[in-house]
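Chemist: Relying on the hints, combine the two individually framed chains into one complex.
Read off the chains here:
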Amino acid sequence: NAGVTQTPKFRVLKTGQSMTLLCAQDMNHEYMYWYRQDPGMGLRLIHYSVGEGTTAKGEVPDGYNVSRLKKQNFLLGLESAAPSQTSVYFCASSRTSGQAYEQYFGPGTRLTVT
Amino acid sequence: DAKTTQPNSMESNEEEPVHLPCNHSTISGTDYIHWYRQLPSQGPEYVIHGLTSNVNNRMASLAIAEDRKSSTLILHRATLRDAAVYYCILRDSNYQLIWGAGTKLIIKP
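In the order they appear, the protein sequences are chains A and B.
Everything in the first sequence is counted per the numbering used here, starting at 264 for the first residue and increasing by one.
Everything in the second sequence is counted per the numbering used here, starting at 166 for the first residue and increasing by one.
Do not rely on the hints blindly, as some may be mistaken.
What the hints assert, rightly or not - Take a look, some chain A residues computed to stay more than 10 Å from chain B by CB distance: (1) ALA265; (2) GLY326; (3) GLY340.
Claimed, not checked - If you want the ones that stay clear, here's a sample from chain A, every Cβ over 12 Å from chain B, calculated: (4) PRO271; (5) VAL275; (6) LEU276; (7) LEU285; (8) ASP289; (9) PRO346; (10) SER347; (11) GLN348; (12) LEU374.
To be verified - Heads up, simulated EDC-like pairs for lysine to aspartate or glutamate below, C-alpha to C-alpha not over 20 Å straight-line: (13) LYS272/A x GLU210/B; (14) LYS168/B x GLU322/A; (15) LYS168/B x GLU365/A; (16) LYS334/A x GLU293/A; (17) LYS320/A x GLU342/A; (18) LYS269/B x ASP301/A; (19) LYS320/A x ASP301/A; (20) LYS269/B x GLU179/B; (21) LYS269/B x GLU210/B; (22) LYS273/B x GLU179/B; (23) LYS272/A x ASP289/A; (24) LYS333/A x GLU293/A.
Keep in mind the hints are simulated off the structure, nothing from the lab.
Note that the Cβ used here is the ideal one computed from N, Cα and C, for glycine as well.
This is chain B alone, in the form it adopts within the complex (with noise of 0.2 Å):
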C-alpha cells in the first residue's frame, strides 16, 4: 500500500500563502491524491483531489510533480479559519484511504 510523509507541523502567518507539502514515492500509476482537513473538535473535511495535473478549487490549490512522487497543497490567503491538521492520503489495495498523522498548521495572527 502506498504511504505518505507529512512534517509533524508548520506555522504561518494569517493572509499569507501556505504551502504544505507530502511525499508519496510508492505511488502508483493510477492513484489519486486526497487531501482532506480536520478543524479541532470536528471530523476531517474534504479539500481537494488530484490525479496528474494541478488542481484549483474554492478551498485549495494541488500541485503535483511531474513524476507524482511529491505533491503541494497551497492555500492562497490563510486565515486563522484554516488552523486544522491537514492530511495527504492515497489509497490501499482495496480501494480505501490510508490517513496518516497529518500536518498540524498553526497561523499566527
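Chain A extracted, bound-state conformation (with noise of 0.2 Å):
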C-alpha cells in the first residue's frame, strides 16, 4: 500500500519556466490538497479537491493551478515560476473533509526557483 505519493522529488526551476507536480493516492480518498511549506513555518494551503473534477482556493492560491481529471490523482502546475515560489510543496489526502477526519501526506517535493 504506497499511500500519496509526489513525483518529482527535487526540482530545480529558472524564473519563468514552468511545471506540473503529480500526486496520487491508492486509498480511495474523496479530498486532496496540495500544501507549501517555507523554512521554519507551518503548512500552507494551495489548492484542494473535494472530488473528480472539482477544485478550489486555499489560503495561498496565486501563480498556481490545479486539476482533478482523475480520483487517484491531483495535479500542481506552475505556469511561470517565480522565486517566491521556491519551497516544499507536499500532497495530502483525505477520506472526507468533515472534523473527525485524518490527512495522509506525501513525502514532498522540494522545487527551487532561480
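Modeler: Okay, structure coming up:
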C-alpha cells in the first residue's frame, strides 16, 4: 500500500519556466490537498479538491493551478515559476472533509526557482 | 478563524513523559483539535484528534481542558524517534486545517 506518492522529489527551475507536480493516492480518498511549506513555518494550503473534477482555492492560490481529472490523481501546475515559489510542496488526501478525519501526506517535492 | 499558540521548542529526556501544550482561546464549539507531527525531511503525520473528551491512541494521549481553550498532547515515554515538530491545529471557515509554526521537540538521550 503506497499511500500518497509525489513526483518528482526534487526540481530546479529557472524563473519563468513551467512545471507540473503529480500527486497520486491509492486509498480511494475523496479529498486531496496541495500545501507549501517555507523554512521554519507551518503548511499553507494552496488548492484542494473535494472530488473528481472539482477544485477550490486555499489560503495561497496565486501563481498555481490544479486539476483533478481522476479521483486518484491531483496535479499542481506552475505556469511561470518565480523565486518566491521556492518551497517544499506536500500533497495530502483524506476520506472526507468532516471534522473527525485525518489527512495522509506524501513525502514532499523540494522545488528551487532560480 | 480560530488560531492556536504553541511554544517554539521544548526539550525532554529520553524515556520520560512529554507534555506539549496548545492554547486555542477562540475555538468554536464544533471545532475538533488535531495534532500532527513532522519528522525531519518528511511529510506530516497524523497523531491524534479530539473534541471534548480526553483521547488515547497507540501514539499519544490528548487532554482537553474543560473550557476547551487549551489542550495538551502527552507522549507517555518519549524516544529519540519522537523528535519532530508537533502541530496543534484547528480548522478555518472553509473546514480546512490551519497550520501554525508548531513546537520543535528535542529529545535528549
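Chemist: Of all the hints given earlier, name the ones this structure violates by number, lowest first.
Modeler: No numbers; nothing is violated.
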